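Asks: So the chains spell out like this:
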Amino acid sequence: MIDGFLALYIFMLAAFTGYEIIARVPVILHTPLMSGSNFVHGIVLVGAMIALGQARTPFEMTIGFIGVLLGAGNAAGGYVVTERMLEMFKSSKPADGKGGK
Amino acid sequence: MVWLPTLIKGCYFLAALLFILGLKRMSSPRTARGGIVWAGYGMLLAVLATFFLPDMHNLGLIAAAVLIGVSAAWWTGRRVAMTAMPQMVALYNGMGGGAAAAIGAVELIGYVRNLVPVQPAVIADTPALTPIELALGVLGALIGAVSFSGSLIAFAKLQGWLDKRFVFPGQRAVNLLLLAVAVVVGIMLASGYASLSLIAVFFALALLFGLMMTLPIGGADMPVVISLYNAFTGLAVAFEGFVLGNEAMIIAGTVVGAAGTLLTQLMAKAMNRSIGNVLFGSFGAAGGEAQSIEGAQKPIDAADAAVMMAYAERVVIVPGYGMAVAQAQHKVWEFAQLLIKRGVKVKFAIHPVAGRMPGHMNVLLAEAGVPYDLIADMDEINPEFPATDVALVIGANDVVNPLAKTDPASPIYGMPILDVSNAKHVIVVKRGKGTGFAGIENALFYADNARMLYGDGQAAAGQLVNELKTLDA
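In the order they appear, the protein sequences are chains C and E. 101 is the number that my numbering gives the last residue of the first sequence; the numbers go up by one with no jumps. 473 is the number that my numbering gives the last residue of the second sequence; the numbers go up by one with no jumps.
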């Protein structure tokens, strides 16, 4: 259980953090960053696991199971896609020095 | 085992810290790759810790679902082509929204079960939800369900499964009514009138609203919509995190919600439209007569086009979604390198909403190996067009359409564009004579200084490369 006001403080500070992180990002990184933040809300997987862990009836368990499936898809898919994108960005740095061979 | 809850809380704290540091690192090209790896470790830690939470049932089921979900997404994510990234992000984002909605559903159903007084034993072992938790749980479920069905529609549209925009008179009123009813049902649920059938109605309404809201939105607006749903899912996760008492979820969800909202605003601004206009002003349905366009499209063949650029001083290449579809980025870069070798100054100009996601073109050019310093954004390149000999437009259409400046009746009127028509010559690589994704005629194609090079982007770029090579030989 979290105290309501404590949650409100967390909410406020986290919102500023998110805003500040994005505010200074070059356009080049918008897509990977969108994909990266897509991965970060994959933390929903943890919530789905908890929900399934608390489920009692078969009906609740079915919905919880679907929730964990979807959450796992969000987390794993988001990671793979972001990592693949950023991998290419890494390789383009040394290409600068070589002057496009 | 007094230390176990503390250890688990510690893991969640570390995960939240790693997420924030990871996102921070992702905001600079040099550290970006490390950023996602940090965030990945955070996720791994949080998921592992969750298995050790007290009072967890169905551990086998949980492990099975995690394994299946992770391997399926990992497999598809590895195999999908770079050009299909936007719809994959939409798909994975929709899954996250669906998961948040599912959490809300399980909590609500459990709440209803606890209301039945004949099962005192059950009441004892699941803590009842407080009114605030109930309200936020319902809100999170609503947002999550909308994000789920909306993202799936966005995915289907970008995948090309849904070509036509679905528009009918009074659509906006119907959508608003749907949302209003969903909210009323949600308020009923949150104030304790919960029953299983009401929960079912609530989710049906929320899913239907997400679907109806996304169907009329045109392809050019898709990047904004995906980004908005990304923010939605973040918020939904934060709310469900409050219900479950999980701080890591609240922090990660809120950070994404705020970051996603700002990103959505930046993108809408790049198109000179408000988010509300994107969502509810149906695109392409502007009133008034569109200006008729005089003249004809003038074709050019690859040999002439290649010569024109080979002896130019400055060439600006403007890629668009057509380049992505044709997978032409490697050929285009090969062509650009040949020009550079001849002493031509080559730059790539990227419109903020070129492609189907912000920065989509940057990703593709990076994949082909184009260095950063050759890539210019709109504000940087527009003043340079008058001094440019040839602007080569590959697969871009609406973002270079001068009607955005001259025709108030055009649906894209007011959108900032790349002023390629100011260049001395414009060569447009285009598959056929049709209109762009938004279905709008492009005055650029009829301009006096414009020549059309018809053909698939990759084939046309290949021809240009060959012509340059024969020129060099």
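Note that these hints are calculated values from the structure, not bench results. Model, not experiment: these values are computed from the prediction. Some hints here could point you the wrong way.
As the list claims (entries may be wrong) - With the Cβ distance kept under 7 Å, some of the chain C side facing chain E (calculated, not the full set):
| hint | residue |
| --- | --- |
| 1 | Phe5 |
| 2 | Leu6 |
| 3 | Tyr9 |
| 4 | Gly18 |
| 5 | Met34 |
| 6 | Gly36 |
| 7 | Pro58 |
| 8 | Thr62 |
| 9 | Val68 |
| 10 | Gly73 |
| 11 | Glu83 |
Ideal Cβ placement from N, Cα and C applies to all residues, glycine included.
Asks: Determine for every hint whether it applies to the structure shown.
Replies: Consistency of the hints with the structure:
For Phe5/C, the shortest C-beta to C-beta distance to chain E is roughly 11 Å, which exceeds 7 Å, and the interface hint is violated. Given hint, Leu6/C at the interface with chain E, is violated; its Cβ is 9 Å from that chain's nearest Cβ, farther than 7 Å. Interface hint at Tyr9/C: violated, since its Cβ lies 10 Å from the closest Cβ of chain E, which is beyond the 7 Å cut-off. A least Cβ separation of about 3 Å between Gly18/C and chain E falls short of the 7 Å threshold, and the interface hint therefore holds.
Because the beta carbon of Met34/C sits about 6 Å from the nearest beta carbon in chain E, less than 7 Å, this interface hint is met. The interface hint given for Gly36/C holds, since its Cβ lies 5 Å from the closest Cβ of chain E, which is under the 7 Å cut-off. Because the beta carbon of Pro58/C sits about 11 Å from the nearest beta carbon in chain E, more than 7 Å, this interface hint is broken. Nearest Cβ of chain E to the Cβ of Thr62/C: about 10 Å, over the 7 Å cut. The hint is violated.
For Val68/C, the suggested interface contact is upheld, since its CB lies about 4 Å from the closest CB of chain E, less than 7 Å. Restraint check, Gly73/C versus chain E: the minimum CB separation of about 4 Å is within 7 Å; hint holds. The beta carbon of Glu83/C comes within 5 Å of a beta carbon in chain E, closer than 7 Å, and the hint placing it at the interface holds.
Consistency note: the structure conflicts with the earlier hints numbered 1, 2, 3, 7 and 8.
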